[in-house]
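Asker: Residue numbers (the working numbering), protein chains in the order written: chain A, 1 to 111; chain B, 1 to 112.
Just so you know, these hints were derived from the structure itself, not from any lab.
Don't take every hint at face value.
With a cut-off of at most 30 angstroms between alpha-carbon atoms, the simulated DSSO-like pairs for lysine-lysine come out as follows [what the hints assert, rightly or not]: (1) A:K70 / A:K36; (2) B:K57 / B:K71; (3) A:K36 / A:K56; (4) B:K14 / B:K83; (5) B:K57 / A:K36; (6) A:K56 / B:K14; (7) A:K56 / A:K67; (8) A:K36 / A:K67; (9) B:K71 / B:K9; (10) A:K36 / B:K9; (11) A:K70 / B:K57; (12) B:K57 / B:K9.
Quick caveat: nothing in here was measured; it's all calculated off a predicted structure.
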Amino acid sequence: GEDVEQSLFLSVREGDSSVINCTYTDSSSTYLYWYKQEPGAGLQLLTYIFSNMDMKQDQRLTVLLNKKDKHLSLRIADTQTGDSAIYFCAERSTGANNLFFGTGTRLTVIP
Amino acid sequence: DGGITQSPKYLFRKEGQNVTLSCEQNLNHDAMYWYRQDPGQGLRLIYYSQIVNDFQKGDIAEGYSVSREKKESFPLTVTSAQKNPTAFYLCATNGLGGTEAFFGQGTRLTVV
Numbered sequence: 001g002e003d004v005e006q007s008l009f010l011s012v013r014e015g016d017s018s019v020i021n022c023t024y025t026d027s028s029s030t031y032l033y034w035y036k037q038e039p040g041a042g043l044q045l046l047t048y049i050f051s052n053m054d055m056k057q058d059q060r061l062t063v064l065l066n067k068k069d070k071h072l073s074l075r076i077a078d079t080q081t082g083d084s085a086i087y088f089c090a091e092r093s094t095g096a097n098n099l100f101f102g103t104g105t106r107l108t109v110i111p
Numbered sequence: 001d002g003g004i005t006q007s008p009k010y011l012f013r014k015e016g017q018n019v020t021l022s023c024e025q026n027l028n029h030d031a032m033y034w035y036r037q038d039p040g041q042g043l044r045l046i047y048y049s050q051i052v053n054d055f056q057k058g059d060i061a062e063g064y065s066v067s068r069e070k071k072e073s074f075p076l077t078v079t080s081a082q083k084n085p086t087a088f089y090l091c092a093t094n095g096l097g098g099t100e101a102f103f104g105q106g107t108r109l110t111v112v
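Please construct the entire structure, taking both the sequences and the accompanying hints into account.
Answerer: Written out as structure tokens, the structure reads:
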């Protein structure tokens with residue numbers, strides 16, 4: 001079955017860049033997503049990338065996809081304390097009915 | 001105001017009781033999902049429904065039940081058969097063919 005893996009924790013200093021990594025096993029993944037979850041809240045979609053793309057940039061966020069290595073990353077430039085949250089990587093395969101999520105990476109931004 | 005409403009936000013259950021978590025949406029989305037979130041784990045799919053009066057088991061359906069009598073509503077019942085129900089439950093929706101899943105704010109269930 002599908003497997004999506006992330007490291008559990010990441011700490012960065014305010015103003016530095018954060019890079020959150022994700023690996024997945026399903027070679028038929030069509031869409032790959034990054035969601036943000038603040039304490040006690042639901043998930044908020046940050047961005048997604050279609051599998052035929054290598055990169056997507058949206059303001060401070062840059063998503064890189066290495067389809068050969070099945071590796072996805074999210075870079076947050078100029079990280080702020082408000083970026084502290086859990087970030088989930090998720091993937092959807094062609095014809096699948098749901099998303100498969102990683103464990104989430106808890107990002108802590110140190111002032 | 002469009003969106004997904006989950007209620008209640010916090011729910012306490014005594015052992016042996018059934019409880020029902022509500023999920024209502026006004027996005028006119030066909031597909032609705034229930035996920036369970038435990039610390040240090042990703043979201044795990046409990047049940048999903050792509051159309052009214054139809055639903056499918058996800059990866060961890062045992063001890064749960066759902067209904068989909070209306071497009072707007074997809075309630076989840078946590079039964080006494082669920083041995084470890086304490087968790088954060090998230091409801092999500094998306095339109096058929098849509099790329100994005102939208103999430104509610106979650107219900108935290110605690111067994112006391």
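Asker: Taking the hints in turn, state whether each one holds.
Answerer: These are the hints, each one checked on the structure:
1. A:K70 / A:K36: holds (21 angstroms)
2. B:K57 / B:K71: holds (18 angstroms)
3. A:K36 / A:K56: The hint holds at about 17 angstroms.
4. B:K14 / B:K83: holds (12 angstroms)
5. B:K57 / A:K36: Since the Cα atoms of K57 (chain B) and K36 (chain A) sit roughly 26 angstroms apart, the hinted pair holds (cutoff 30 angstroms).
6. A:K56 / B:K14: violated (48 angstroms)
7. A:K56 / A:K67: holds (14 angstroms)
8. A:K36 / A:K67: The hint holds at about 23 angstroms.
9. B:K71 / B:K9: holds (22 angstroms)
10. A:K36 / B:K9: Distance of about 19 angstroms is within 30 angstroms: holds.
11. A:K70 / B:K57: Holds - the C-alpha atoms of K57 (chain B) and K70 (chain A) are around 28 angstroms apart, at most 30 angstroms.
12. B:K57 / B:K9: holds (24 angstroms)
Comparing the model with each earlier hint shows a violation of hint 6 alone; every other hint is respected.
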